[in-house]
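J.: Residue strings, one per chain:
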Amino acid sequence: MERSLKSLAHEVGGRVRGDGSVMVSGVAGIEEAKKGDITFVSNEKFLPKLKETRASAAIVSQEVTDVSLPLLIIPNPHLAMAKILTLFTQRPSVSGGVSDMAWISPSARLEEEVTIYPLVYIGDEAQIASRATIYPGVFIGSQAKIGEDTILYPNVTIYPRCIVGKRVIVHAGTVIGADGFGFVKDGKVNVKIPQVGIVEIEDDVEIGANSCLDRATFGKTLIEKGVKVDNLVQIAHNVRIGENSIIVGQVGISGSTTVGRNVTLAGQVGLVDHIEIGDNVIVGAQSGVNRDIPPNQVVLGTPPLPHWQFLRVTSAWSKLPEMKKELNILLKRVEELEKRAGPVKKASKRRVR
Amino acid sequence: MERSLKSLAHEVGGRVRGDGSVMVSGVAGIEEAKKGDITFVSNEKFLPKLKETRASAAIVSQEVTDVSLPLLIIPNPHLAMAKILTLFTQRPSVSGGVSDMAWISPSARLEEEVTIYPLVYIGDEAQIASRATIYPGVFIGSQAKIGEDTILYPNVTIYPRCIVGKRVIVHAGTVIGADGFGFVKDGKVNVKIPQVGIVEIEDDVEIGANSCLDRATFGKTLIEKGVKVDNLVQIAHNVRIGENSIIVGQVGISGSTTVGRNVTLAGQVGLVDHIEIGDNVIVGAQSGVNRDIPPNQVVLGTPPLPHWQFLRVTSAWSKLPEMKKELNILLKRVEELEKRAGPVKKASKRRVR
Amino acid sequence: MERSLKSLAHEVGGRVRGDGSVMVSGVAGIEEAKKGDITFVSNEKFLPKLKETRASAAIVSQEVTDVSLPLLIIPNPHLAMAKILTLFTQRPSVSGGVSDMAWISPSARLEEEVTIYPLVYIGDEAQIASRATIYPGVFIGSQAKIGEDTILYPNVTIYPRCIVGKRVIVHAGTVIGADGFGFVKDGKVNVKIPQVGIVEIEDDVEIGANSCLDRATFGKTLIEKGVKVDNLVQIAHNVRIGENSIIVGQVGISGSTTVGRNVTLAGQVGLVDHIEIGDNVIVGAQSGVNRDIPPNQVVLGTPPLPHWQFLRVTSAWSKLPEMKKELNILLKRVEELEKRAGPVKKASKRRVR
Numbered sequence: 001m002e003r004s005l006k007s008l009a010h011e012v013g014g015r016v017r018g019d020g021s022v023m024v025s026g027v028a029g030i031e032e033a034k035k036g037d038i039t040f041v042s043n044e045k046f047l048p049k050l051k052e053t054r055a056s057a058a059i060v061s062q063e064v065t066d067v068s069l070p071l072l073i074i075p076n077p078h079l080a081m082a083k084i085l086t087l088f089t090q091r092p093s094v095s096g097g098v099s100d101m102a103w104i105s106p107s108a109r110l111e112e113e114v115t116i117y118p119l120v121y122i123g124d125e126a127q128i129a130s131r132a133t134i135y136p137g138v139f140i141g142s143q144a145k146i147g148e149d150t151i152l153y154p155n156v157t158i159y160p161r162c163i164v165g166k167r168v169i170v171h172a173g174t175v176i177g178a179d180g181f182g183f184v185k186d187g188k189v190n191v192k193i194p195q196v197g198i199v200e201i202e203d204d205v206e207i208g209a210n211s212c213l214d215r216a217t218f219g220k221t222l223i224e225k226g227v228k229v230d231n232l233v234q235i236a237h238n239v240r241i242g243e244n245s246i247i248v249g250q251v252g253i254s255g256s257t258t259v260g261r262n263v264t265l266a267g268q269v270g271l272v273d274h275i276e277i278g279d280n281v282i283v284g285a286q287s288g289v290n291r292d293i294p295p296n297q298v299v300l301g302t303p304p305l306p307h308w309q310f311l312r313v314t315s316a317w318s319k320l321p322e323m324k325k326e327l328n329i330l331l332k333r334v335e336e337l338e339k340r341a342g343p344v345k346k347a348s349k350r351r352v353r
Numbered sequence: 001m002e003r004s005l006k007s008l009a010h011e012v013g014g015r016v017r018g019d020g021s022v023m024v025s026g027v028a029g030i031e032e033a034k035k036g037d038i039t040f041v042s043n044e045k046f047l048p049k050l051k052e053t054r055a056s057a058a059i060v061s062q063e064v065t066d067v068s069l070p071l072l073i074i075p076n077p078h079l080a081m082a083k084i085l086t087l088f089t090q091r092p093s094v095s096g097g098v099s100d101m102a103w104i105s106p107s108a109r110l111e112e113e114v115t116i117y118p119l120v121y122i123g124d125e126a127q128i129a130s131r132a133t134i135y136p137g138v139f140i141g142s143q144a145k146i147g148e149d150t151i152l153y154p155n156v157t158i159y160p161r162c163i164v165g166k167r168v169i170v171h172a173g174t175v176i177g178a179d180g181f182g183f184v185k186d187g188k189v190n191v192k193i194p195q196v197g198i199v200e201i202e203d204d205v206e207i208g209a210n211s212c213l214d215r216a217t218f219g220k221t222l223i224e225k226g227v228k229v230d231n232l233v234q235i236a237h238n239v240r241i242g243e244n245s246i247i248v249g250q251v252g253i254s255g256s257t258t259v260g261r262n263v264t265l266a267g268q269v270g271l272v273d274h275i276e277i278g279d280n281v282i283v284g285a286q287s288g289v290n291r292d293i294p295p296n297q298v299v300l301g302t303p304p305l306p307h308w309q310f311l312r313v314t315s316a317w318s319k320l321p322e323m324k325k326e327l328n329i330l331l332k333r334v335e336e337l338e339k340r341a342g343p344v345k346k347a348s349k350r351r352v353r
Numbered sequence: 001m002e003r004s005l006k007s008l009a010h011e012v013g014g015r016v017r018g019d020g021s022v023m024v025s026g027v028a029g030i031e032e033a034k035k036g037d038i039t040f041v042s043n044e045k046f047l048p049k050l051k052e053t054r055a056s057a058a059i060v061s062q063e064v065t066d067v068s069l070p071l072l073i074i075p076n077p078h079l080a081m082a083k084i085l086t087l088f089t090q091r092p093s094v095s096g097g098v099s100d101m102a103w104i105s106p107s108a109r110l111e112e113e114v115t116i117y118p119l120v121y122i123g124d125e126a127q128i129a130s131r132a133t134i135y136p137g138v139f140i141g142s143q144a145k146i147g148e149d150t151i152l153y154p155n156v157t158i159y160p161r162c163i164v165g166k167r168v169i170v171h172a173g174t175v176i177g178a179d180g181f182g183f184v185k186d187g188k189v190n191v192k193i194p195q196v197g198i199v200e201i202e203d204d205v206e207i208g209a210n211s212c213l214d215r216a217t218f219g220k221t222l223i224e225k226g227v228k229v230d231n232l233v234q235i236a237h238n239v240r241i242g243e244n245s246i247i248v249g250q251v252g253i254s255g256s257t258t259v260g261r262n263v264t265l266a267g268q269v270g271l272v273d274h275i276e277i278g279d280n281v282i283v284g285a286q287s288g289v290n291r292d293i294p295p296n297q298v299v300l301g302t303p304p305l306p307h308w309q310f311l312r313v314t315s316a317w318s319k320l321p322e323m324k325k326e327l328n329i330l331l332k333r334v335e336e337l338e339k340r341a342g343p344v345k346k347a348s349k350r351r352v353r
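Chains as they are written, first to last, in the working numbering: chain A, 1 to 353; chain B, 1 to 353; chain C, 1 to 353.
Think of the hints as simulated: they come from the structure by calculation, not from any bench. Keep in mind that a hint or two might mislead.
All copies of an identical chain are treated as equivalent in the list; a pair is satisfied when it fits inside any one copy or across any two copies.
[Claimed, not checked] In the DSS-like style, the derived pairs of lysine-lysine whose C-alpha atoms are separated by at most 27 Å in a straight line are:
#  : residue 1 : residue 2
1  : Lys192    : Lys166
2  : Lys51     : Lys166
3  : Lys6      : Lys225
4  : Lys185    : Lys49
5  : Lys51     : Lys188
6  : Lys339    : Lys325
7  : Lys332    : Lys319
8  : Lys192    : Lys6
9  : Lys325    : Lys220
10 : Lys332    : Lys51
11 : Lys339    : Lys185
12 : Lys35     : Lys192
13 : Lys332    : Lys49
14 : Lys220    : Lys49
15 : Lys225    : Lys166
16 : Lys6      : Lys51
17 : Lys166    : Lys188
18 : Lys319    : Lys34
19 : Lys220    : Lys51
20 : Lys45     : Lys34
21 : Lys166    : Lys220
22 : Lys166    : Lys45
23 : Lys34     : Lys339
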């Protein structure tokens, strides 16, 4: 596919400077780009590289005076790049049909234009909506529902009765609906609490590879629309994640915890169970969160501190040994001063808090 | 299935207050419960909600005076709930038979009433004991043994020669018996140490989804009976985990480390190699343990501290910048005092520890 | 297979003390070894155990005077053990052929002597080189390339166009080439950035179970030759890992970060995006690295400190509450001294840094 720069600007917004009739057929990084590609500069410091790129056009956030390259000027070049790249990479949905090397229950319901690869298993009364694509090695349990245009990559497991919305993408190896980790001690023996709830994933969610979303004990584990989950993430039973939140790789969220809308949990964060993370919160990488976080905060650390405080604390942290040393020296100097001042008549009361 | 409250009390212990003939057919949380359900209150503070529930009966730990609902009174309502829920959810084992879309070695031995789903692979001389259930996508390597009533969920991989006990549950995507991570440097090149041992999993173990239990270099990696392992857990070669221990999500246990009986490792804990964790130890979430922990302790942090000390340390931790400031101010005040006191005749020796 | 001690010494280097004609047919730990085994002692403190072993010979790093066992003396017994064990465990490559229960695209190219197990999926124009072994449940996407003698264990997923080198081992459940985690905010909505790059894995790499290596946004995610990656590791888009580096279990490496050659990242380490880790760096377990690390350093902690400093800081860390207490006591004593010294004529300026 080939598009003129002008028509791309029309599609994603922004204005053209220079030759709008230049034809573009791909998107590439500034160094790898070749003739026919459009490239992009999100960070001002890379603007000088525009002089050397072989790209046919560039997406930038501001006028660049000393460059002859045709430009698409738009406030958010990164977003424009994503949209243009999507234009060039999305293919018209063509059903690959239903493989006769898949095992499909006679009671399963497949809507029109689904693609079912070989080596897929679809259980009793499961429903696969229009244009869904189910890759090899996927297991879909009985009574599970897969929404329209959803893609399940290879070796994904969907346990019985779980619900996956429309336009959802689930990457390879991810497990949706395994039993929540619920046991009660009977003396020393761990007695299993049957997990009779489900997982529900709303529309436009994307989930990375080898992640785990456990079914609820009762009720449901809920991933609201537009949430993006990375690889190797653990989401325990009865968790709820609000719209458009971002859960980065290797995060672990314990049972019954609620994450608000538009939240970002950075890599390797852990949340204890039964807490509430407010809307728009950002939790820094590797933090261990053991309490509710009110909305609109940036927190970091274990236990979590406001961002500015965390930076001050960790800065002081590396000076700890010196502080300890100084404290000891000071003690000696005070002892010396006290000796020279002679005995106190009345003992001062030492307050220790 | 329907059971009278009285018969449930007889089954799990406890006594009935009110109408023991009320019929119960399910278990549900206090807010979701409907007519026919029994609900439960583990935490006193939710007792007032009993007035509003639509449940037909409730499991409680103490007499509740102002509620007309029939009650099952028992010291551990949570445990009673688990047992009753198990009664209502367990189905009589009915073999689904052996699918002709599975690949089964002629030398494999399948006992009676096994269920082998389509798309399963069972290698040479593998043994599958009575009433085991093997879901689609499972790989069972040659000479591996799967015990009675064990369930392997979809896409589980059991490497050759590994042993899985009776009534074991392994959730989807978990890998048992991959090579331990053992290499020796030969100059800069990493030379692989062949991993010729196995993994042995004893009876009544449950393992979550996408976890990894590596085979031993020599001998075996051993998971003793009743252990419960959550999702995305890494258990390295030659690790041994004692009876009834609980290993929560995303924990990593390094090679040759021994975990005692009845231990709890909370989420994202890491243990270094070749250490020993005593019986009944609890290690708090995200802790990094680099030394032996004697039995019956609660530890937390990296490196781990006794629980009470960890709380004091992290409380002081957030005050570090203020401490640093105070220390500097104090230094100035001492300097001022020294100036006013005049020169010291004999220099005091400053002790620095 | 049986080999004389003398011939083993000839094969791996080192010299024999005692009867070089003793026959050896296996390798075992010092306690498990039986007649016919060779055992090894890497750590001096286990030398006394040589008196009790039933092994027929032992690999040691030094002369042992009071033992009658035939010895192979060599500077690195661990390495010699790895090499001898490899001798005894490697089998001549025998092709298992191509199962007719695999699904193989007519346009895929399979070279001679490959082993394709049942339940494998091989996509259009994929290439499988000589003597590669593809276990059940593996998915190989279109145009992916698998090198000579490479082994893909069960349920591995290779996304389209990814390249896997020669003699590579990928353990069960690992996902290579899933989409990198790239989104741009459009208001509150997360817009996906299509990930059009690939993953390239060079020769002699080994990757553990259930790990994830994401494809690049543009260009490639690159794992250079000889790298060893453990289980449950997350390697994000556009990461590059240099030759012979070791990435231990549950490490997470964020997008576009570069790891040098011969680096060790210990368990559960996290690296932020767009940083550079120099050659020969060692990062201690659970560290959170948020900045470039120059070559040849050992760092530890979050944020990372040089190893010696980390030990001092964490040692002081556990004394924090006592320091806080001492600081308060000292304050009182200084106040007392100031009271006794009377008013200061000119206020000293308190410096706060």
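J.: Within a copy, between copies, both or neither: which one fits Lys185 and Lys49 at a CA-CA cutoff of 27 Å?
T.: Only across copies: Lys185 and Lys49 sit 25 Å apart there, 64 Å inside one copy, limit 27 Å.
J.: Should Lys332 paired with Lys51 be assigned to within, between, both, or neither, using CA atoms and 27 Å as the limit?
T.: neither (65 Å within a copy, 57 Å between copies)
J.: Cα distance capped at 27 Å. Does Lys35 pair with Lys192 within a copy, between copies, both, or neither?
T.: between (62 Å within a copy, 25 Å between copies)
J.: Within a copy, between copies, both or neither: where do Lys220 and Lys49 come within 27 Å Cα-Cα?
T.: So Lys220 and Lys49 pass the 27 Å test across copies only (21 Å; inside, 51 Å).
J.: 27 Å Cα cut-off: does Lys220 pair with Lys51 within a copy, between copies, both or neither?
T.: Between. Shortest inter-copy distance 24 Å satisfies the 27 Å Cα cut-off; intra-copy 55 Å does not.
J.: Treating 27 Å as the Cα threshold, decide for Lys51 and Lys188: within, between, both or neither.
T.: neither (71 Å within a copy, 34 Å between copies)
J.: At most 27 Å between CA atoms: does that hold for Lys192 and Lys166 within a copy, between copies, both, or neither?
T.: Answer is between: at 15 Å across copies they meet the 27 Å cutoff, but 33 Å inside does not.
J.: For Lys225 vs Lys166, is the C-alpha pair at or below 27 Å within one copy, between two copies, both, or neither?
T.: within (9 Å within a copy, 41 Å between copies)
J.: Please work out whether the CA atoms of Lys34 and Lys339 approach to 27 Å or closer within one copy, between two copies, in both situations, or in neither?
T.: Classified as neither: same-chain Cα gap 80 Å, cross-chain 73 Å, threshold 27 Å.
J.: Indicate which option fits the pair Lys332, Lys319 if close means a Cα-Cα distance not exceeding 27 Å: within, between, both or neither.
T.: For Lys332 and Lys319, the Cα distance is within 27 Å both inside one copy (20 Å) and across copies (19 Å).
J.: Could you figure out if Lys339 and Lys325 sit no more than 27 Å apart (CA to CA) within one copy, between two copies, both or neither?
T.: For Lys339 and Lys325, the Cα distance is within 27 Å both inside one copy (21 Å) and across copies (22 Å).
J.: Given identical chains, is Lys332 near Lys49, meaning Cα to Cα at most 27 Å, within a copy, between copies, both, or neither?
T.: Neither. Shortest intra-copy (60 Å) and inter-copy (53 Å) distances fail the 27 Å Cα cut-off.
Of the hints listed earlier, those the structure fails to meet are numbers 2, 3, 5, 9, 10, 11, 13, 18, 22, 23, in rising order.
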